[in-house]
Amino acid sequence: MTTHDSSAAPPVEGGAAPGRPGRATESPEERRQRRRSWRFRMDTKASPYAFIAPFFLFFGAFGLFPLLFTGWASLHRVRLAAPNDMEWAGLDNFARLMSDEYFWNALTNTFTIGVLATVPQLAIALGLAHLLNYKMRGSNFFRVAMLTPYATSVAAATLVFAMLYGRDYGMINWALDLVGIDAVDWKSGSLTTQFAISTIVIWRWTGYNTLIYLAAMQAVPKDLYESAALDGASPWKQFLHVTLPSLRPTILFTVVVSTIGATQLFGEPLLFGGSPSGGAQNEYQTLGLYMYEMGWTNFNLGRASAIAWAMFLLLIIIGLVYWAVTKVASRSTAGKGA
Amino acid sequence: MTLSAPVTPETTTPVLPPGDGGSPPRAGKRGGKAGKQLRAGWLTYTILAIFTFGSLFPLVWTAIAASHSNARLAQSPPPFSFGDRLWHNLDQAWNTANMGKALFNTVFVAGAITVSTVLFATLAGFAFAKLRFRAKNLLLLLVIGTMMVPPQLSVVPLFMAIAELGWTNHLQAVILPMMVSAFGVFFMRQYLVQALPTELIEAARMDGANSLRVVWHVVFPVARPAMAVLAMLTFVMAWNEFFWPIIALTQQNPTVQVALTGLGRGYVPDQGVIMAGALLGTLPLLIAFAIFGKQIVGGIMQGALKG
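Protein chains in written order, with UniProt numbering: chain U, 1 to 338; chain Y, 1 to 307.
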């Protein structure tokens, strides 16, 4: 650090050496120092903005502006063939959405697939994290192995699962047959298709959430367990009364992140059947998929924008619920503490 | 393993629940010192092994299916061992499904996104962690808020923009919108808040270092471990980026995910070739996981604690 210029910069007092002639004329040395300190002040003031500028420039151009413009486009008739030819439509796109049975179908599907995918995923992750928190051999192997599906892309995972779920030659029906269960047509019918798609999501994300829970479990103070054990609490009781309450913020956090992920489900339903309609009867068409179909199959960018904004409103509602729940939760803990 | 729990003097603490009286194999798991980390028993290992199998099996089976012909895959029972068509199918996927070009494109795209994300996230994260400026908290809140905005909200305007600029099918169309990440800024900030001593910055300042020198000689060396983790997480994310690339690119100039989507939507009807494509598109990340898995696991757990 202390390179060539170290002699010039240090404390101002040091610079006014006793041997210097009178102050009437500023020596070049002093002038340089004054200018340096001015530059120094400017540097401290401006540099924070320079450091955050790249992020906010890119975010503004590719995040905030498109978000707002999508809202603007949702008030217009815009066709894919001439995307820059917009015609004012007011709230027409939203009005049509309200009476659009496909929109409500997609909303319901998004909700059911979201629940089917999120609830078991987080429950399994919690249990696995508890087990991984034991002292054991090969814990690193288990952690890495369970995270591996996270490295698999939506597209690759869905192509593989679509084969495993094949009606006639798929491995899952073959295994079911072994235990005497008739072949299931996983590619049609709402419950079967939505279950199959949920398992893809569960497969990809359980390991990730397990690690997050494990990290939180390792941060729980050990003496909490000690005193619980002294009170004669069994490991199961300790899990219920020590681990779970300590993990409440983390659980809430993962619920929100998974819910947000679930509202955006797109790749799995697109590639499970290979078409943006999400099944012959739209059994598993999600909001994200419906938006894609509206924009890039039906060439209607205005209505696609309206669907996107509906998704955004949904997320804001989720965010508000999350905020309210944390408020209530923290108040109840504070009350307990007092 | 289960029986090897060291018996400490405190073992006398009555933690064995009633009704679970002295089944020896579980003594190790249940009978540890109060508050000490419990030891895993055979049941724990069994459950973990089952889930590990479940996590890895689809990937192993991808490779198995990729080594068989379409005709073989249309028979029951499905194959459980490797066939002899692996090279043929990989070759087909590489050429007819354009996976070769897709892999090169994806390495380039994900590499560019990773470099810029890590660089800009470290700069902004440092500013948010250690520097004073106006509206800092408000701006940080904005960063956090943007983490939940879905990609669906920006694709229509972005599509209009690249149509206007004639960038459809060009790689910059998928790189530019991904150059920064709110998660990255937040991640680096959380790390630097505690890892970077403020005195270190002040000392460098006293020595006359300007901001750029502080960043280069103080911030980057301290931030390096977190930058490495962020780089790995970003690379995985960029490699698997799906929604925007399938809109912006076509099969003529695809990324891996675009090419796989082409396979999934029936451009090539051979199941063995489809699986070979999935294998090619996943293998690079799996190899990276085999090498850096421990670091990636550590990074996710570290990030989780602060989230």
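Just to be clear, a hint being listed does not mean it is correct.
[Said to hold, decoys possible] SDA-like, lysine to any residue: derived pairs with alpha carbons at most 20 Å apart:
no. : chain 1 : residue 1 : chain 2 : residue 2
1   : U       : 45        : Y       : 175
2   : Y       : 101       : Y       : 175
3   : Y       : 130       : U       : 44
4   : U       : 45        : Y       : 266
5   : U       : 187       : Y       : 138
6   : U       : 222       : U       : 208
7   : Y       : 130       : U       : 43
[Said to hold, decoys possible] Pulled from the structure, derived: some chain U residues nowhere near chain Y, Cβ distances all over 12 Å:
no. : residue
8   : 27
9   : 39
10  : 62
11  : 119
12  : 135
13  : 152
14  : 156
15  : 310
16  : 322
FYI, nobody ran anything at the bench for these hints, they're computed from the structure. The structure displayed is predicted, hence computed values, not measured ones. Note that CB positions come from ideal geometry on N, CA and C, so glycine has one too.
Status of the hints after comparison with the structure:
no.: 1; hint: U:45 - Y:175; result: 32 Å, violated
no.: 2; hint: Y:101 - Y:175; result: 16 Å, holds
no.: 3; hint: Y:130 - U:44; result: 12 Å, holds
no.: 4; hint: U:45 - Y:266; result: 57 Å, violated
no.: 5; hint: U:187 - Y:138; result: 48 Å, violated
no.: 6; hint: U:222 - U:208; result: 24 Å, violated
no.: 7; hint: Y:130 - U:43; result: 15 Å, holds
no.: 8; hint: 27; result: 19 Å, holds
no.: 9; hint: 39; result: 8 Å, violated
no.: 10; hint: 62; result: 4 Å, violated
no.: 11; hint: 119; result: 17 Å, holds
no.: 12; hint: 135; result: 5 Å, violated
no.: 13; hint: 152; result: 5 Å, violated
no.: 14; hint: 156; result: 4 Å, violated
no.: 15; hint: 310; result: 10 Å, violated
no.: 16; hint: 322; result: 10 Å, violated
Hint compliance for this structure: hints 1, 4, 5, 6, 9, 10, 12, 13, 14, 15 and 16 are not met, and every other hint is.
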